[in-house]
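Peer 1: As a plain string of letters, each chain reads:
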Amino acid sequence: MTETSLLVGPFNRVEGDLEIRLDVTDGKVSAAYTNSPLFRGFERILLGKPPTEALTITPRICGICSISQSAAAARALADAAGATPAPEGEKTAALLHAVENLADHVTHFNMFFMPDFARPDYAGKPWHDRAVDRFTAAQGSALRVAMDARARLLHIVGLLGGKWPHTLAIQPGGVTRAPTMRDKVRISADLTAFRRYLEQQLFGGSVEEFEALTTVDALSDWGRGDVALFMEIAHDLDLAHSGQGAGRYLSFGAYPLPNGPIWQAGTWTNGIEGPLDTSGIAEDISHAWMLGDAAHPSQGMTVPDVDMSADAYSWCKAPRLNGLGYETGALARQVVDGHPLARDLAKQGGVLGRVGGRLLEIARTQIAMESILADIDPKAPFMDRAKLPANGEGMGLVEAARGSLGHWIRIEDGAIASYQIIAPTTWNFSPRDAGGTPGPVEAALVGAPVREGEETPLSVQHIVRSFDPCMVCTVH
Amino acid sequence: MNILWLQSAGCGGCTMSLLCAENPNVIELLEGAGLSFLWHPSLSIESGAQVRKILNDVESGEQPLDILCIEGSIVRGPNGTGKYHVLAGTGRSMLDWVQSLSKKARHVVAVGTCATYGGVTSAGENPSDAVGVQYEGAHRGGALPADFTSASGLPVINVAGCPTHPDWVTETLLLLAEDALGEDQLDGYGRPKFYADNLVHHACPKNEFYEYKASATKLSEIGCMMEHLGCVGTQAVGDCNIRGWNGEGSCTRAGYPCINCTAPEFEEPGHAFTETPKFAGIPVGLPSDMPKAWFMALASLSKAATPRRIEVNATSDRITVPPSLKAPKS
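If you read the protein sequences in the order shown, they are chains A and B. Count along the first sequence from 1, add 51, and you get the number used in the working numbering. Count along the second sequence from 1, add 399, and you get the number used in the working numbering.
Because the hints were derived from the structure by calculation, they are not lab data.
EDC-like mimics (lysine to aspartate or glutamate), calculated; alpha carbons at most 20 Å apart, straight line:
1. Lys438(A) - Asp716(B)
2. Lys430(A) - Asp716(B)
3. Lys617(B) - Asp435(A)
4. Lys452(B) - Asp172(A)
5. Lys452(B) - Glu506(A)
6. Lys235(A) - Asp716(B)
7. Lys79(A) - Glu506(A)
8. Lys398(A) - Asp268(A)
9. Lys100(A) - Glu667(B)
10. Lys100(A) - Glu674(B)
11. Lys502(B) - Asp546(B)
12. Lys452(B) - Glu505(A)
13. Lys79(A) - Glu503(A)
14. Lys438(A) - Glu674(B)
15. Lys235(A) - Glu647(B)
16. Lys100(A) - Glu664(B)
17. Lys592(B) - Glu577(B)
18. Lys452(B) - Asp167(A)
19. Lys100(A) - Glu524(B)
20. Lys502(B) - Glu458(B)
21. Lys503(B) - Asp456(B)
22. Lys79(A) - Asp289(A)
Rough simulated footprint, nothing fancy, chain A against chain B, three-plus residues with beta-carbon under 8 Å:
23. 406 to 419
24. 426 to 437
25. 443 to 450
26. 485 to 496
27. 520 to 533
28. 607 to 620
29. 641 to 650
If you're wondering where the values come from, they're calculated on a predicted model, not measured in any experiment. For every residue, glycine included, the Cβ atom is placed at its ideal position computed from N, Cα and C.
Construct the entire structure; sequences and hints are all you get.
Peer 2: What follows is the structure, encoded as structure tokens:
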């Protein structure tokens, strides 16, 4: 038996800084320890400020999920105020949010995930030349087209939200700008252009046809666009069985609209559907450089352990639902919503499952956005007034590109007395809990092959990137 | 010229904004100017050990470095150790890396208001003891000393903004590639003058409302946001409304106030971002270069002269009274 230890970092093409320590036994990962090595302390920055400041400050936790943070803050404040946004404002906020999530998915696939297959390590593979042509980092033809399409898609945020990232357009009562009919047709043109990109490049077929896929076999037979290249690589490298998760998925439900969310909230635990009950959430800090005890986020604290005690190895807390770690993200969202292809992908739950789930969600998001836009009535008001209480509590739950994001605020004497955030990657990249149970990615990495002489194992890179981690959100 | 890009304690949003560069996109824009990334955390292939080698080669001098771009503030905590951000895989704080690599670069560019002055990461109690690369808020001297100059002889170039407009970053890099960005092209806070000599007020679509001090009273109303809603576009530097963001956008065009995100210490305005502080009912904070007495006199005169169209529209969420049409000449 041979045993070694590897320290992997800086880990790029993830958002933010990530370090992973690997124990390697006989050419396979036997244990993984994820470290989120940056602490900024946003939850402390907010203390004592007027509650509305969260709308300006929390988006700046993260430059890639900025609108998600903004939407969660607005929801938490609305909850504290007992208010609901104006219906058209709610639809417009959903549209803004969907643009960000869709842009993030396309960025992830083209710029973060696929370039690894263009590495010289894979030279000689039947698909390698095509991967080099399409996905060479910062060079490939697919990246260039995706970058242009993404920039144009974000014109919708420019128009409705002023800029991306870091808009202040989403408020507890709605949005700050009432779009006109002219704005609607302009946005519609942007969506049509993006559909053309998706159908010509990524899918090589219609998004409706892709959304109608129900099985992994059908996905394998798709045979068109960059999806086909990905599936060919996935089969050749057996990505279906690489980085398999524990089969537990969580979603807070995406894009709340006056008649309910577009995608349902809930859990999916090894094939069993469950309702979302946030009272079962607790953040364990036994392996985080944090002081205090495990707590529900409404009671949580963020007190960094400046001595960085030896038992801990990350600034990331370990959120658990009823004591268990949950995976969150596009696959989780689609599994919980009940899409048949996602549920079939979840039977594997590995790299292919996560990336396939994201591709499915790209198609579904395009369709959803067109329907949200069509339903916006420019004649109606876009903002209701939400009066914040001097004392109160609120919870804001949204689905960011990377999964379930929650904000919990407590207001006392008109100021923020407590603000706790659990980001998607906090779930996925959590360290061990008090019971020693690893977080989702730590568990998924066990068994990953490490070739002789590899310092930064490729299998580990594929698995980590399949989660699309956002490390700046993780610790915040 | 080559560029090494480090992400320190920020949100990564300036990179995300950079990827919104258009006509051409950032890849083609930099290629065309002979600029290439030695390494960029979101774009490059190298990961882990390969990155450590690049950093070590730059530090040892084996790999020459033209431009070091730093995104995000530099954290000094806890207790001056910088351990709140240890660069993954290296066991060394980002503070240490920035101080070391800055000595090797021909130019050092701080990208975004976190990197320039500390920014939002340094807000509130500043839990991580964050500073900018060469400034601590409005004061010179940050992670690098006040008198630091890079090999080119320039101080740190401060491309401030939260986030930065993609063109502010690319055009700064293009000017450096042309050797056309001298110290005389930087303003008093080290910001490139090509965008910092403008005010956000310039080309703001609310200018007619501003002329009459016809003010929005609540967010979503289309009047001027200076009097009640915290807008400081008349004092904030930036050509946001001239060049537009993500197509045709800007903060004020989207109906929320300019919060002066290109300025040192914008993160702590001393009042709520979306409320204008007032003294005896009069907004505190005058438009740049405006004498107070004249401002007061003009404001009261113009308020009194406000046409009905402008008065009504100011507190509406869309244009409800259109401009009158001239009658036909005959």
